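Engineer: Sequence:
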Amino acid sequence: MKKMKLKVFEGFAGYGGGSYGLKRLKENIPGIDYEVVGYSEFDKYASKLFDENHKDKDGNPIRNWGDITQINPNEMPDFDMFMGGFPCQPFSSAGMQMGTEDPYGRGAMLGHIIRICKVKKPKFLFLENVKGFTHGKFKPIHDQLVKDLREMGYGEEPLAQAVLNSKDYGIPQNRERLWMFAQLGGLPKGFNIVPDKIESEAKIGDFLDDNPEKKLYLSEAQIEHLKVKHHIDSFVVETPLCFDVYNKKIKRDGYCITITQPEHNSLRVVEVPKADGKEIVRKLSPFEQFRLMGFRISRDLSECEIDFNGQSYTQLSKRAGNGWDVNLVGILLTHIFKQL
-15 MKKMKLKVFE GFAGYGGGSY GLKRLKENIP GIDYEVVGYS EFDKYASKLF
35 DENHKDKDGN PIRNWGDITQ INPNEMPDFD MFMGGFPCQP FSSAGMQMGT
85 EDPYGRGAML GHIIRICKVK KPKFLFLENV KGFTHGKFKP IHDQLVKDLR
135 EMGYGEEPLA QAVLNSKDYG IPQNRERLWM FAQLGGLPKG FNIVPDKIES
185 EAKIGDFLDD NPEKKLYLSE AQIEHLKVKH HIDSFVVETP LCFDVYNKKI
235 KRDGYCITIT QPEHNSLRVV EVPKADGKEI VRKLSPFEQF RLMGFRISRD
285 LSECEIDFNG QSYTQLSKRA GNGWDVNLVG ILLTHIFKQL
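If you count by my numbering, then the sequence shown holds residues -15 to 324, one letter each, in order.
Simulated from the structure, these hints should not be mistaken for laboratory data.
Mixed in with the good hints there might be a few duds.
[Unchecked claim] Cβ-Cβ distance ranges computed for the label pairs, FRET-style:
#1 His248 x Lys107: 33 to 39 Å
#2 Glu197 x Val220: 21 to 27 Å
#3 Asn249 x Gly170: 23 to 29 Å
#4 Pro124 x Arg236: 38 to 44 Å
#5 Gly174 x Lys199: 38 to 44 Å
Model, not experiment: these values are computed from the prediction.
Glycine is no exception: its CB is placed at the ideal position from the N, C-alpha and C atoms.
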């Protein structure tokens, strides 16, 4: 493959899921290099996490352009690829389902991607959202994206897209997301965005810390309250499992449900009882959440590819719930660029 240097702008960056995915791409295809020339993130905690973990080629902070609605594309540096997961709450079954009518304006963020790309004309667009973006009352918004890309020169059928699940690619989390890719001038004939699935025996128990912090554990009274509230007979298990709070059941398949923001309070870990037979239920640690988002973090915590910047449990849980599975992003980018 010819050597390629990608200049990238990362929108709605969070902890830099795109940047971590590019790092994996470079590992898998050494002929590809990349430079993140700017990013956009208005949440101060997310920005601090990004700045802690990503620097420019000289080791300096990458410029944060802040709120994407305020960016003047004529002032931006040129870039080859726009990548970003525009806010998904308006299109998610867990959100308010108001799309571009969302009172917080989150649904309109897609329009700002188009506004910027009409001026900058990047060669590639790499976008992510929840699977609900393609159907129902949000289909017109999706179709408008396709129409805009067609008019901007990204081909007659400009958008390769697929819903992919993290659990099919080596991470035991049931996380379905819609991935979209476009290339200026159109995609090559026969292009396929879906990577081959990866056979894996990994289950949630393989992704847990060796020694979780004591503060994560529920008291006996809290466990009893959980059982009564959700009509659970027993939390005695033979292997670590995930308790799906929302659906009031223990996931017996060994997979973790979708990690969400902490206010949804949607999951607990159920551990194997010790010799005394007492039930053990707890919250996921931040390390476990990020491990389940594809990060390389050893179970004894001696190795960790992300610096948490000393942030709180709540802030880190928000980042994980809103972030990209960096393992899947690396696999997907590798699959895409091997075809280009």
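Engineer: Confirm or reject each hint.
Structural biologist: Taking the hints in turn, this is what the structure says about them:
Checked against the hint of 33 to 39 Å, the C-beta distance between histidine 248 and lysine 107 comes to roughly 37 Å, which is consistent with it. For the pair glutamate 197 and valine 220, the beta carbons lie near 23 Å from each other, so the given range of 21 to 27 Å is met. Restraint check, asparagine 249 to glycine 170: a C-beta distance of roughly 45 Å breaks the suggested window 23 to 29 Å. A hinted range of 38 to 44 Å for the beta carbons of proline 124 and arginine 236 is consistent with their spacing of about 40 Å.
Between glycine 174 and lysine 199 the C-beta distance comes to about 53 Å, which lies outside the given range of 38 to 44 Å.
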